[in-house]
Amino acid sequence: MREALIAIGRDALGSLRDLLPIVIVISVFQIFVIQQPAADLLPLAYGALLVVAGLTLFIYGLRMALYPVGETLAYSLAKKGSVFWLMIFAFLLGFGTTIMEPALIAVAAEAADVAALEGVIEQSENAKWRYALGLRLTVGVAVGVALVLGVTRILLNWSLPGMIIGGYIVVVLITTVAPREIIGIAYDSGGVTTSTVTVPLVTALGVGLASSIRDRNPMLDGFGLIAFASLLPILFVLVFGMLV
Amino acid sequence: MEILAASFRLVIDSGLDVLPIAVFLFVFQRIVIGKPMPGGRRIVVGFVFVVVGLGCFLVGLEQALFPLGRLMAEQLTDPAFLATSLFAADLPSWAQYYWVYLFGLAIGISTPLAEPALIAVALKANEVSGGAISVWGLRVAVAIGVGVGVSLGCIRIVTGFPLHYFIAAGYVVVVLQTLVSPRLIVPLAYDSGGVTTSTVTVPLVTALGLGLSAAVPGRSSLLDGFGLVAFASLFPIIAVLAYGQVSLIRGRRTAP
Numbered sequence: 001m002r003e004a005l006i007a008i009g010r011d012a013l014g015s016l017r018d019l020l021p022i023v024i025v026i027s028v029f030q031i032f033v034i035q036q037p038a039a040d041l042l043p044l045a046y047g048a049l050l051v052v053a054g055l056t057l058f059i060y061g062l063r064m065a066l067y068p069v070g071e072t073l074a075y076s077l078a079k080k081g082s083v084f085w086l087m088i089f090a091f092l093l094g095f096g097t098t099i100m101e102p103a104l105i106a107v108a109a110e111a112a113d114v115a116a117l118e119g120v121i122e123q124s125e126n127a128k129w130r131y132a133l134g135l136r137l138t139v140g141v142a143v144g145v146a147l148v149l150g151v152t153r154i155l156l157n158w159s160l161p162g163m164i165i166g167g168y169i170v171v172v173l174i175t176t177v178a179p180r181e182i183i184g185i186a187y188d189s190g191g192v193t194t195s196t197v198t199v200p201l202v203t204a205l206g207v208g209l210a211s212s213i214r215d216r217n218p219m220l221d222g223f224g225l226i227a228f229a230s231l232l233p234i235l236f237v238l239v240f241g242m243l244v
Numbered sequence: 001m002e003i004l005a006a007s008f009r010l011v012i013d014s015g016l017d018v019l020p021i022a023v024f025l026f027v028f029q030r031i032v033i034g035k036p037m038p039g040g041r042r043i044v045v046g047f048v049f050v051v052v053g054l055g056c057f058l059v060g061l062e063q064a065l066f067p068l069g070r071l072m073a074e075q076l077t078d079p080a081f082l083a084t085s086l087f088a089a090d091l092p093s094w095a096q097y098y099w100v101y102l103f104g105l106a107i108g109i110s111t112p113l114a115e116p117a118l119i120a121v122a123l124k125a126n127e128v129s130g131g132a133i134s135v136w137g138l139r140v141a142v143a144i145g146v147g148v149g150v151s152l153g154c155i156r157i158v159t160g161f162p163l164h165y166f167i168a169a170g171y172v173v174v175v176l177q178t179l180v181s182p183r184l185i186v187p188l189a190y191d192s193g194g195v196t197t198s199t200v201t202v203p204l205v206t207a208l209g210l211g212l213s214a215a216v217p218g219r220s221s222l223l224d225g226f227g228l229v230a231f232a233s234l235f236p237i238i239a240v241l242a243y244g245q246v247s248l249i250r251g252r253r254t255a256p
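If you read the protein sequences in the order shown, they are chains Z and U. FYI, in this note's numbering the residues of the first sequence are 1 to 244. FYI, in this note's numbering the residues of the second sequence are 1 to 256.
Honestly, the hints are just simulated from the structure, not real lab data. Since the structure is predicted, the reported quantities are computational estimates derived from the model, not experimental observations. Keep in mind that the hints are not guaranteed to be accurate.
Covered by chain U, per the in silico footprint, the following chain Z stretches (three or more residues, Cβ under 8 angstroms) [claimed, not checked]:
(1) 52 to 64
(2) 71 to 77
(3) 107 to 113
(4) 121 to 134
(5) 156 to 169
(6) 185 to 193
Which bits of chain Z does chain U cover? Going by a derived footprint, with three or more residues having C-beta under 8 angstroms, they are [as the list claims (entries may be wrong)]:
(7) 82 to 94
(8) 145 to 151
Backbone N, C-alpha and C define an ideal beta-carbon position, used for all residues, glycine too.
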């Protein structure tokens with residue numbers, strides 16, 4: 001019990017540390033630059049408290065349940081599993097972790113609001129909900145495919161820089177034919193996906209794989225997976241924008 | 001009663017978000033590995049924490065981070081505020097919003113410095129490079145990269161210049177730098193792009209961009225408002241690669 005409390009306390013400090021620079025910078029700007037009577041502080045303070053508490057519980061729970069199980073599974077499958085199950089695992093891992101990534105949930109909801117406001121989709125809760133979910137599912141599938149591609153690359157030892165550079169060339173080409181209103185959302189989704197939930201588990205998969213094959217550098221191969229996971233969502237969301 | 005119903009809805013929603021990964025891990029553990037979950041009760045309790053935490057975080061986001069980002073964008077672009085800011089009247093129209101760019105710079109620089117994941121990466125880099133890459137050097141490089149990225153991203157929103165030109169040009173720079181950088185720093189640099197955009201920073205920066213595009217005349221939220229996160233992931237790569245080249249050159253000079 002005491003250990004659990006100490007662990008929660010440590011996670012709470014971590015979440016506070018994430019929020020602190022933002023609070024400081026905004027306060028400095030409010031006091032010295034904007035110099036207006038402060039807006040209604042109470043709901044903001046309440047919201048900030050919820051952010052810290054929520055993030056703390058979230059990360060504490062991840063450490064307790066998701067990380068150990070996911071890491072052990074990733075590691076043991078990479079070590080001795082069949083290639084078939086490894087690929088299925090890689091896809092589902094990418095998909096599942098991306099769907100629960102908090103930053104993506106937030107940005108997808110924001111994107112749906114803006115799309116409804118500017119008349120791209122219908123101005124209703126239902127349409128917005130469907131648009132946000134469609135966006136998240138697209139990004140989830142993209143990260144899943146990225147991990148399958150990344151694992152294949154590690155197994156067959158394909159050149160990473162070549163694939164990444166080729167990928168970005170394809171992204172730029174598709175951008176020229178994609179509807180203009182999806183471009184910003186698509187490029188942002190690349191940075192949003194690789195976050196709290198995804199990175200540790202993907203790294204475990206990469207390290208497990210690289211250490212089970214001889215003459216591989218775990219650091220280099222783990223990094224390759226993340227690089228794909230940032231690239232493919234851009235591509236998939238651009239295509240999503242063309243279809244919607 | 002209303003609050004109860006809302007919280008219930010919330011728990012269901014975030015429960016559904018977490019459900020796919022929970023089911024899939026369970027099935028894999030059972031069928032492919034063929035063993036029951038180790039520490040079953042602990043896992044269940046952990047998932048309950050994850051669901052409740054996710055729900056609280058999303059509400060807090062809606063209450064605090066999104067409004068804050070929008071509020072800052074609105075206040076710093078308010079015509080009444082611009083009229084009081086120094087020399088604004090003498091500057092070209094895009095430059096009159098210089099306080100927004102400074103705010104983006106400050107947020108971009110300060111948040112990565114507090115990021116635990118980045119500290120871990122920096123320590124590892126220092127160890128692997130045998131001290132050639134200093135911990136603080138790498139952290140400062142990333143922070144400057146994110147700061148410049150967010151700031152430039154704000155300028156882009158105000159000017160309405162197409163996002164993909166910037167990004168394509170940025171990646172050309174990254175590719176050129178990759179060709180001449182020490183091999184060791186390349187994976188670190190690429191990683192630093194993903195590491196810096198944390199769960200707290202992303203929503204705030206997104207709201208800042210959307211607020212800015214709504215406040216500046218002639219800009220559309222949909223066409224111009226997004227893209228700050230992309231900038232914040234791209235520029236640290238450039239900054240860290242540049243830092244790697246500089247420390248390589250310095251190392252050569254000091255070597256006997």
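>> Using a Cβ cutoff of 8 angstroms, are there at least 3 residues of the region 121 to 134 of chain Z near chain U, or does the coverage claim fail?
In response: violated (count 0)
>> Verify this for me: three or more residues of the region 107 to 113 of chain Z with a beta carbon less than 8 angstroms from a beta carbon of chain U.
In response: holds (count 3)
>> Under 8 angstroms between beta-carbons, do enough residues of the region 52 to 64 of chain Z, three at least, approach chain U for the coverage claim to hold?
In response: holds (count 13)
>> Tell me whether the statement that chain U covers the region 82 to 94 of chain Z is true, taking a Cβ distance below 8 angstroms and needing three residues at minimum.
In response: holds (count 4)
>> Verify this for me: three or more residues of the region 145 to 151 of chain Z with a beta carbon less than 8 angstroms from a beta carbon of chain U.
In response: violated (count 0)
> the region 185 to 193 of chain Z covered by chain U? Criterion: 3 or more residues, Cβ-Cβ distance below 8 angstroms.
Replying inline: holds (count 6)
> Taking 8 angstroms as the C-beta cutoff, is the stated coverage of the region 156 to 169 of chain Z by chain U satisfied by three or more residues?
Replying inline: Since 3 is at least three, the answer is holds.
> Three or more residues of the region 71 to 77 of chain Z near chain U by CB distance under 8 angstroms?
Replying inline: Answer holds; 4 residues pass the 8 angstroms Cβ test.
Violated hints, listed in ascending order, are 4 and 8; each of the other numbered hints is respected by the structure.
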